[in-house]
Amino acid sequence: MKTKVLMVCLGNICRSPLGEGILKSKVDSDSVFVDSAGTAGYHVGNPPDKRSIAVAHKHGLDISTQKCRKFSKQDFSEFDYIYVMDRSNFSDVASLASNQEEANKIKLLLSEVELDIKEVPDPYYGGDDGFENVYQMIDKACEAIAKKLN
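Read in full-length UniProt numbering, the sequence shown has 75 at position 75, and its numbers run on one by one without any break.
For the record, the hints were derived by calculation from the structure and aren't laboratory data.
Hints may be right or wrong, so weigh each one.
[As the list claims (entries may be wrong)] Okay, derived cross-link-like pairs now, EDC-like style, lysine to aspartate or glutamate, Cα gap no bigger than 20 Å in a straight line:
#, residue 1, residue 2
1, Lys107, Glu119
2, Lys26, Glu112
3, Lys4, Asp129
[Said to hold, decoys possible] Using C-beta positions, here's what the derived DEER-type ranges look like:
#, residue 1, residue 2, range
4, Tyr125, Gly41, 15 to 23 Å
5, Gly126, Asn46, 31 to 39 Å
6, Gln100, Asp128, 39 to 47 Å
7, Lys73, Asp128, 29 to 37 Å
8, Ser29, His57, 16 to 24 Å
9, Asn99, Gly127, 24 to 32 Å
Here the structure is a predicted model, which is why all the values come from computation and not from measurement.
Just so you know, even glycine gets a beta-carbon here, dropped at the ideal spot from N, CA and C.
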């Protein structure tokens, strides 16, 4: 039976698509399924932000075929781990949990690593270097998650 991991940010166009792509590159796809979603439905059906696609490509990953989707209550029954990028995402996802078992699946992504910050900042309104910084944070966290799952 596959372990299922969901990465979640606000719009599912910047951070969580990177989380999906990075973690997929570090785990065995026969035993781990990775997906991503957003807490808001602004970009449903769209590909990730071109800057996320570019930074992933720079690191040898292709996330261009991903499609944005909105987080749903059904995701609690579909996924074993739900990693959120910031406290606002955490609150939004937790508000949909029906019980403690579902709530226990939610974790801040950066809680998996020792960094000075615990939230992945949203790079959407910043420059390209913000996407590189976010990539590096997510990559560190995904490395730690992959070690647990492999």
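*Could you tell me which of the numbered hints above are not met by this structure, giving the numbers in increasing order?*
Hints 3, 5 and 9 contradicted; others consistent.
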